[in-house]
Structures are given as structure tokens and as C-alpha cells.
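S.K.: Which chain is which? The protein sequence lines are A and B, in order. For the first sequence, position 246 matches number 246 in my numbering, and the numbering has no gaps at all. For the second sequence, position 312 matches number 312 in my numbering, and the numbering has no gaps at all.
I should point out that these hints are in silico values taken from the structure, not numbers from a laboratory. One or more of the hints may lead you astray.
Keeping only pairs whose Cα atoms sit at most 25 Å apart, straight-line, the calculated DMTMM-like set for lysine to aspartate or glutamate is [what the hints assert, rightly or not]:
| id | chain 1 | residue 1 | chain 2 | residue 2 |
| --- | --- | --- | --- | --- |
| 1 | B | K118 | A | E84 |
| 2 | B | K118 | A | E126 |
| 3 | A | K118 | B | D114 |
| 4 | B | K326 | A | D167 |
| 5 | B | K326 | A | D114 |
| 6 | B | K326 | A | E105 |
| 7 | B | K326 | B | D114 |
Protein chains: 2
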Amino acid sequence: MTNPDLVHAIRGGIVESFHRGAVAIVDADGAVVQSLGDVDRPIFARSACKVLQALPLVESGAADAFGLTDPELALACASHGGDERHAATAASMLAKAGLDETVLECGAHWPSNDAAMKALARSGREPGALHNNCSGKHSGFVCVGCMLARAQGRDAREFVRGYVQPDHPVMREVTAALQTTTGADLANAPRGTDGCSIPTFGVALRQLALAFARVATGHGLAPGRAQAAQRLRKAVAAAPFFVAGDGRMDTRVMERLGERVFCKVGAEGVYCAALPEQGLGVAIKIDDGNNARAAEVVMAAVIEARVRLDDAERGFLRDFSDLTLKNWNGIEVGALRASPALRSALG
Amino acid sequence: MTNPDLVHAIRGGIVESFHRGAVAIVDADGAVVQSLGDVDRPIFARSACKVLQALPLVESGAADAFGLTDPELALACASHGGDERHAATAASMLAKAGLDETVLECGAHWPSNDAAMKALARSGREPGALHNNCSGKHSGFVCVGCMLARAQGRDAREFVRGYVQPDHPVMREVTAALQTTTGADLANAPRGTDGCSIPTFGVALRQLALAFARVATGHGLAPGRAQAAQRLRKAVAAAPFFVAGDGRMDTRVMERLGERVFCKVGAEGVYCAALPEQGLGVAIKIDDGNNARAAEVVMAAVIEARVRLDDAERGFLRDFSDLTLKNWNGIEVGALRASPALRSALG
Chain A
1 MTNPDLVHAI RGGIVESFHR GAVAIVDADG AVVQSLGDVD RPIFARSACK VLQALPLVES
61 GAADAFGLTD PELALACASH GGDERHAATA ASMLAKAGLD ETVLECGAHW PSNDAAMKAL
121 ARSGREPGAL HNNCSGKHSG FVCVGCMLAR AQGRDAREFV RGYVQPDHPV MREVTAALQT
181 TTGADLANAP RGTDGCSIPT FGVALRQLAL AFARVATGHG LAPGRAQAAQ RLRKAVAAAP
241 FFVAGDGRMD TRVMERLGER VFCKVGAEGV YCAALPEQGL GVAIKIDDGN NARAAEVVMA
301 AVIEARVRLD DAERGFLRDF SDLTLKNWNG IEVGALRASP ALRSALG
Chain B
1 MTNPDLVHAI RGGIVESFHR GAVAIVDADG AVVQSLGDVD RPIFARSACK VLQALPLVES
61 GAADAFGLTD PELALACASH GGDERHAATA ASMLAKAGLD ETVLECGAHW PSNDAAMKAL
121 ARSGREPGAL HNNCSGKHSG FVCVGCMLAR AQGRDAREFV RGYVQPDHPV MREVTAALQT
181 TTGADLANAP RGTDGCSIPT FGVALRQLAL AFARVATGHG LAPGRAQAAQ RLRKAVAAAP
241 FFVAGDGRMD TRVMERLGER VFCKVGAEGV YCAALPEQGL GVAIKIDDGN NARAAEVVMA
301 AVIEARVRLD DAERGFLRDF SDLTLKNWNG IEVGALRASP ALRSALG
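Input sequences plus hints: build the corresponding full structure.
M.R.: Here it is in C-alpha cells:
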């Protein structure tokens, strides 16, 4: 099955490049309300499913036991830009659990936020694990591990070692949350290793969208899990800077629309959203893996089509789904926009 | 027409993402020796055609008049990384023409080479036009303008002003070189504005490949133009650092294979090559515009299939066409490789 072209990059009046992909919009009963392209092919959700992976952080009691704040819970769901405020917030989560960044197993990379990266370079320092875009998620995993260690009377630092491994008690909790929300049989799903070294599972786009419909509504989840999902959504809506960062679409959309949209981008052109007012989950996968100029355009077009917006909000989203491209001299050279096929399908 | 998938990104044993595109391999008579996908759709060659745009620099006599060196001629064909050696070489070209960077109209951006960018950030300076990846090409344009000004007894600085405009005498020379090498009717072709503000024209991939077959062989070009093409190819082979930079595929391939391959990447997934021993031109366009992990993989596979290589050289190319992907912890997480469809077609 050839997926439809969803995004066009225009230059000189013609389509210079384009992006194909698939979109699943699903309700909490698992009914596919709308689909474009192949929504059954297994895809790796990557960082788009961090909110699902953060459910044990709340359900385990760790969030309450350690007094985690909204920014900290948002950071647990985040692919952050490596700003010093992000790094400090991850450090704070670890400190509340009585540990520090030396337990993190996500690896280090330079901040993806350009200003943060240049500031770090100017300071003459090198990035550490706290700057990794996944440091909040990993700090959340460590908090879960500390709760499990407490319950078993074990030393926390020793207990959490190897938490990224599929069979570690922490990762088993995380995988179980992924399994019950998506309804996928993860024991028999393709399994890869993510950028931050934890397992990532191949699930159908429709299953991923179902998980987000469940996050949106709580339907189909045990009461404690439904409450955890709602708490995480509300934390991100209250502190959207911490789920991504300056200039990033996730942050900007949730700053603007608050709890009406929970959206989260992942590597390789995956983008998911929970739309609580509509009771829907959305999952997008761009064939070629492009986030910034493909998955984001499609997500904006989906939000425009599905969420009740006023004119100003519609204009705000349009700046993501139909944008002018300028060159280094600030001259308009083209546009990036949702394809006619996508607009037509979304209605 | 749906282009075939040419590159697979593999994770967890499945294809996570993939890139479609088209390939044209053409001889100097314009015969299509091999094609995959749509080679007739107009595409913007972008920076892949810089060697064609540099022909007037040699043909006009500017290269001789100003005593341009191999690194300077290579830089005129370059999308360089913004290393200080690149910036200094562009400055040297301008100085030889009696001018300086204030005449450049390419705009400024941070170096694409990571080490160069961080070094500039650490120094507390901001990037200038000399750091623009196109500064060598633009310095070449300025040299052409200075020759034209001399011939007309005009002030050079005043004459070159506005050289990026389609109707400026310099750009008319550049466009004429593009027209005669590709055989395209550029007056009636789609015209866009490139990242560095000069015009870019939509030409069929087969026409672009033909231009590179002509660069490879000189066949079909006037003697002066054929000599200019050969001189530029030899300059790049002699100084491949200056056509791209540290770690870049163009530089690495020509460091290794010398004059046997002239290859040049462009924005939006375009990649062209001249294969002098085979008398062939190659032009690649990735539908989604991805260079680093799509166009480069395809080009490496084409070179493997078409150029006579020893085993070590074949292994060298294979590192571009079939590579292991590692994460931030250095753990192997997948692979990036020429698709079975591409390998099979190339034979």
C-alpha cells in the first residue's frame, strides 16, 4: 500500500519535495473514525508515547511520595530541548528520590535547542545526561525504581542499575503500561532499541491512536491508570515549556490550547495527540521519518479539522500547517503546507 | 507515478522509515542508460549543479586573471561546512579580485560543520557571509563580475551589485551555462529562488544527468567549456576538502577516488555525479528532500555499481550505502541501507 502525500514543500510554484505518511484517528472504543494510508503496519512510537511510559510514575505512588511538581511530571513526558531549566528540573526529580544524574542511563548529547546548545558551547562545558532530551523520562523511571526498591527494602541506587533493560522491574512496569493502553501484544511485537537505550515496540498506528483516545478519556483504563493519565495531561498543560521547550510545536500548541490538546512528537516522523473534548486519539507516521516539516504540518492540520477553535486559534494552527519558507536573506522562497489530499480528506 | 523506495532505515528488524526517489544515469549523447522512477518531472538542482554554475568563472578568464588556486576553484563549486579555512579561502578569492566580503549577497548562517559552528560560538562571534556554505560560489560570481566590469571599464564594486538577480550580467552567464549543459529551455522552466538568493530552475533529472555526462567527458560542449569543466573537476579532485569539508561524503569520496568520481550534493535530496571513466552522468532526487541519509546512500550504491573499484574501495563505499546506526550510548540500534529494490536494479 502506498501512503498518500500529506505535505508539500513548494518552491518556484511547483512541488519541490513531498512527504507521504499515514494518519489514524480513533475513539476510545477502538473505532477508526478516520484513517489515511496504512494504519496497520507496525511502527515504532519512539518518544511520542512518553506519556504512556510515564503512567507508572504516577500509578506507583512515586509522584506523590517524592512530591513531584507539574514541571517535573511534564518533564517525565518530555523530549526537551536541553535548556538549563530542563536539566535542573531533571536533577531536582533525581534529588527528590535521593539520587543524582550518575544513575541515568540515557547517554549524553548536545541540547537540541539551538540557543541552549550555543550557550553550553560558549561556556566551554560538555553536555551530560541531564541535557539528553529524554532525561526527564529517565528520571521518572528512576523514581519508579526507588519506589520499588523501598517496597522491597533494597538500596535504591543498586536497584535501579540497568533500568533500561527490557527485563528490569522498572521497564516491565513501563512496557505493561504500553501494552494495556495500546492493546498490542508486545511480547510478539517487533522490538527495537530507542535512542535512549530503552526498548521500543512496533505497534499499529491505530493501536497507538487508541492509546491516546484512552489517555484523552480514561475509558478502557483501570481507575488508577485513568487518573494517572489525566494528571499527566494536566501537568503538561500547566507547564508546557517542560514537555519540549522554546519554539517547539508541542510547547506552543499546549501554551495556546491548554488541556484541549495533548500532543507529543517522537523521532522518525511519529506524532500523537489526545483530544479530550472529542474523545479521540490521533497517531501520525511520516514514511520518511521527518518530524519538523512533515509530522508537525500534518498534526496541525488534524487539530484544525477536529478541535473546536476560534478564528485566532485557527490562524495560530495555520502557521504550522501552511507556512512561508524564507532564505538566509529573509526572501520568501516557498511554502510548506498540508497537501490538497490531506486537506480534502480531513474536510 | 510513484517512485520506488530507494533507502531503508531499519530498527528492530523491520523497516522503520524509508525514502522514495528517482535516479537517472545518462551518457553524453543523452541516452538514458538506466533510470529508476520519474526522471522527467522538473526538479530544482539546487547546489548539486554548482560546478555548472562555476563554468563561467574559468571560461571568462577570471580564474587565470586572478590566479585562482585549486582550493579556490573547488570552493567555487562547494557547499562547504563553514570551517575557518573555507571562509579564509573565499576571502582570498575576493581579495584577488580587489574586493571583500561586503559585496557578497548570499546572506549569513552558522557553519554546518559542527566543530566549526561550536568553535565560532565559543569565540563569541557571529557568522558572516564568508561562513555561508555558498560563499565560494558567490565569490566566484563576484570574480566573473569583476572581469565583465574590467572589459567595460566599469567600477567592479558597483558593477557586481545585485549579481544574484536573474537579469544581472553575471547571472545571465551562469544561467546560460546551465542551459547549454542541461539542454533545458530555462526561459520556460519553473524558476525558484535558492537559499543563497540566486535563481534555481526546474529541470528534468535526465537533463541534469546529461549535464554531468558532459562535464565527465566534454562531449557536446564547446572546447572552452569542456576545458573549463575538466579544470574544475581536477581542482576539486586536488583539493576535495574545499568542496564540502571534514566528514562530508563529497570530500571523503573524492579524497579516496580522486578524478574517477566528481560528485556534488544539493539541498532537498538532490545528488549529481560525473563518472569520467564511464562517460556517464548521474542525477538523484529523493522525493522527501533528505540528503544525509537518503541521497548519499543512493549515490554510494550507484558508484559501487558503476565505477571500477577494488575491494577496499568497495568496502569504503559500502560504509555509506549500508551503515550501522548507533544511539547516544553507542549501542547498535539499526541500519541505514540501499533498499533491495535499488540494489537489484543497479545489478
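S.K.: Taking the hints in turn, state whether each one holds.
M.R.: Quick rundown of the hints versus the structure:
1. B/K118 - A/E84: holds (18 Å)
2. B/K118 - A/E126: holds (11 Å)
3. A/K118 - B/D114: This hinted pair holds, its Cα atoms lying about 11 Å apart.
4. B/K326 - A/D167: holds (21 Å)
5. B/K326 - A/D114: holds (23 Å)
6. B/K326 - A/E105: Since the Cα atoms of B/K326 and A/E105 sit roughly 15 Å apart, the hinted pair holds (cutoff 25 Å).
7. B/K326 - B/D114: holds (18 Å)
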